[in-house]
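Residue numbers (the numbering used here), protein chains in the order written: chain A, 1 to 432; chain B, 1001 to 1476.
Errors might be hidden in some of the hints.
[As the list claims (entries may be wrong)] SDA-like cross-link-like pairs, simulated, lysine to any residue; straight-line CA separation at most 25 Å:
| no. | chain 1 | residue 1 | chain 2 | residue 2 |
| --- | --- | --- | --- | --- |
| 1 | B | K1032 | A | Q273 |
| 2 | B | K1032 | A | D282 |
| 3 | B | K1032 | A | Q305 |
Because the hints were derived from the structure by calculation, they are not lab data.
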Amino acid sequence: MSARNRELLGLVPASLLLTGGFAAVFIQRQAVLSDLSLTYGAIFLGLCLAAHVVIRLTLPHADPYLFPLVALLASFGLVMIYRIDEDLARQQAQWFVVGLALFAVTIVVFRDYRRLERYRYTIAAVSIALLLLPRVPGIGVQTNGAYLGVRGPGFVFQPTEFAKIGIIIFLASYLRDTRQVLVQGSRRILGVTLPPLKHFGPLLVVWGAAMVLLVFIRDLGSSLMFFGAFIALLYVATNRLSFVVVGLGMFGLGAWFFAGTVGHVSDRIEAWQTPFDHAVYDRVGGSYQLAQSLFAQADGGLFGQGFGQAILDLPRGGSLLPAPQTDLIYAVITDELGLVGACGVLLVYLMIAQRGFKIATLARDSFSTLLAAGLTAVFALQVFVIVGGVTKVIPLTGVTLPFVSYGGSSIVANFVLLALLLLVSDRARRPA
Amino acid sequence: MTTPIVRLFALVVVLFAVLVGFTSRWTVFEAKSLRDNPLNRRALLDELTIKRGLIRAADGSVLARSVPAGGGTWRRTYPPGDLFAQTVGLSFPARGIANSGLERSRNDALLGRRNELSSIFQQLRGQRRVGDDVETTLDPAAQRTAIAGLAGRAGSVVALDPRTGAVRVMTSIPSFDPNAFRVARTAPGSPILNRATQASYPPGSTFKVVTAAAALDTGRYTPDSVVDGSSPQTFSGVPLNNDGGQSFGPITLTQALTFSVNTVWARVGESLGKRTMGDYMKRFGFYAKPELDYPRDQMLASGEYFRGRLLPPESPRIDTARLAIGQDKLQVTPLQMAEVAAAVANGGRLMKPKLTARVVDTDGRTRDRIGPEVQRQVMKPSSARALGAMMSRVVAEGTGTAAALQGIEVAGKTGTAQVGPAGGNLTQPWFIAFAPVVRPRVAIAVTVERTDGGFGGTEAAPIAAQVMQVLLRQGG
Chain A
1 MSARNRELLG LVPASLLLTG GFAAVFIQRQ AVLSDLSLTY GAIFLGLCLA
51 AHVVIRLTLP HADPYLFPLV ALLASFGLVM IYRIDEDLAR QQAQWFVVGL
101 ALFAVTIVVF RDYRRLERYR YTIAAVSIAL LLLPRVPGIG VQTNGAYLGV
151 RGPGFVFQPT EFAKIGIIIF LASYLRDTRQ VLVQGSRRIL GVTLPPLKHF
201 GPLLVVWGAA MVLLVFIRDL GSSLMFFGAF IALLYVATNR LSFVVVGLGM
251 FGLGAWFFAG TVGHVSDRIE AWQTPFDHAV YDRVGGSYQL AQSLFAQADG
301 GLFGQGFGQA ILDLPRGGSL LPAPQTDLIY AVITDELGLV GACGVLLVYL
351 MIAQRGFKIA TLARDSFSTL LAAGLTAVFA LQVFVIVGGV TKVIPLTGVT
401 LPFVSYGGSS IVANFVLLAL LLLVSDRARR PA
Chain B
1001 MTTPIVRLFA LVVVLFAVLV GFTSRWTVFE AKSLRDNPLN RRALLDELTI
1051 KRGLIRAADG SVLARSVPAG GGTWRRTYPP GDLFAQTVGL SFPARGIANS
1101 GLERSRNDAL LGRRNELSSI FQQLRGQRRV GDDVETTLDP AAQRTAIAGL
1151 AGRAGSVVAL DPRTGAVRVM TSIPSFDPNA FRVARTAPGS PILNRATQAS
1201 YPPGSTFKVV TAAAALDTGR YTPDSVVDGS SPQTFSGVPL NNDGGQSFGP
1251 ITLTQALTFS VNTVWARVGE SLGKRTMGDY MKRFGFYAKP ELDYPRDQML
1301 ASGEYFRGRL LPPESPRIDT ARLAIGQDKL QVTPLQMAEV AAAVANGGRL
1351 MKPKLTARVV DTDGRTRDRI GPEVQRQVMK PSSARALGAM MSRVVAEGTG
1401 TAAALQGIEV AGKTGTAQVG PAGGNLTQPW FIAFAPVVRP RVAIAVTVER
1451 TDGGFGGTEA APIAAQVMQV LLRQGG
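Working from the sequences, and respecting the hints, build out all of it.
And the structure:
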């Protein structure tokens, strides 16, 4: 079976999941099964088929599993959001269409994605600017103390989602040029291979940028995601563990220092360490969110309470679980589908990561390898940062769960990321 | 660059494994402590937003039901008012009071909490969670008769089916209207207290049934054994009198039970010894809380109490002779005395008492059937038969003739405990019984808290007769 036919087949389960999921929510709401769920399933399948045709025409050799996996996540996300709030689901569906459109545009416009290398400094500058945008007075939006949003006409735009792609493109291109230099001239000191001091320069620059991010956007999670992706790329480019060790050490030191000085960050860390402390729990921006996330998960147990069964709101108005459609959507999933359902979702992400890294190993040039590895790493790290935050592995921060959380910027940016991965894949697997 | 990419993927796998580990921690390993966390109000919200199941009497009538209270919440009402107030208990989570009674002991069923696997099927069917109904073994007609019999006097009636342990009647007077429980909390006479399981009363001579069981079952005595029934006799250095100072001379144990001769049973108890008495008390369920499906903190263990604490059966503070006639520091619950009667009735085999017959879901399917369970073989069937024959003489010609029923042989034992200041005339009448003597279907304990010189045979026995008559008329 050809790759494209496998992809086509893979879209069927995603559509079935969407149909079944909507059916479950409908039954739970009205105790009747309307054919509306079939309609939704058909529309979703139609949209995916359109995207599939675009891939079939333009990228015949691209990885066949990535798009169906993403469709699975997106359909799952739509059902969860619909169950939380119908209006949000309608908006999310619109963003899904926009995302697919931009996905097609990316594929067509950047068919030769290596042209991106030419604009690497422009891309880097734009990305940094995007990251700092939320601090610009008047348009910046502060949520829970972190600066992650920009007010657009009628919606809030999350520049970090796009900046992560730009930064990865820049790093992949930059490291392709310098990786040889970084590896050469290493010395072994006490059994540890150390590159010459001067080559720590770029590392220091990016570290500085991560610290600036931490201070300016005050978000430990995003800064961890960016710096982590950078370290991962540096490691792939040089195969030197010493960079990783030194880099992580520097990040840890910096985070420790700023945690003590930047109020919002230290609040988040305190909430993470003692979520059930009454004073911390009651404080504005305290541990209420994390504690409620854990309580919601405890209700889920092994198999969950079932679609639509989680308690999200208080009976007489007000919400029990804050931000269920964005930051805490993983907690809602765990509550309703249990440990088993949550593991299923994580498994889908892991499969996407596996396909991404596979693309990186198949790529025939360094830029392509680094680009695929970087995009995959930043994607996987984003999942780790938000799920880790919700499950108290690390302090909770406000990044989205890719393709599942509600959020236009997130879904559109991640479709662009997917398009780039498929572009790399098509070139790598094209018969010579 | 393949090697570092593979390693990077391995790292991602490790990171995701950590996520799975932490998710398991919250959903499975630490789920219980999270649910019990005082900051967690989800259980309370559950109780407010889930429609609790009905609680029904054995005849199908509704004892508790939930009605909409606005905003997607539910409120409990108790249609029969004060009839089963303490037994059914209260569930008013919105008022910030803890559930009590059956509302607490069957809370999981009433909220529809199931095991994990059945919740999957429920989820596949997309059903909203609703509570299951709890069908009790309680009999409203007999309960009404018991309440009418007590006629407003504080006291308690407990009736069991000796074959199954099913609680048919559980009366505690004064009672209260659960729909207006706020008044009850401050009302005189502690109506919230379930006297059937929480009161500690001196059992009086009804306890002689336990002593008699020990005497026969050890083989040391037979119903025809002759013991000196003269009065007074000295035990533990203090003289002990028979009722009214009556002196009987040498009489059989059957006669001694029929006329409730204190000196004979004190002598028997003393000769059996502390250890044997303690052993048989434990067999009957004394010294432990009843194994009833009822909240443990709403039940008391029966036994010898000193300064509010249960004494161990071997304690030197126990005066075995006076224990044997239900005096000393002995304190019992009416439920425990009903269990004593039931054990004798059921061939010496004590069944676990139970209030619930079955749990039924909204589609009428039985979720859980609470079948009869043996708590303990208290004595040999032959001992139980002999003891039953002795007790039937009590009703036929002794102190308990007021409990006689037309055409049905009844076995029983009276008791009249002195209460209040020494030398006063205040008494607590008791009667325990079972019927029919052959193949018994009902066992009962009745007590009236305080009468002015009333006797078990005159105050308590007639109530027992009326309640047993109602229960026996229904067949079964």
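Each hint, compared with the structure:
no., hint, result
1, K1032(B) to Q273(A), "holds (20 Å)"
2, K1032(B) to D282(A), "holds (23 Å)"
3, K1032(B) to Q305(A), "holds (15 Å)"
The structure fails none of the hints (numbered hints given earlier).
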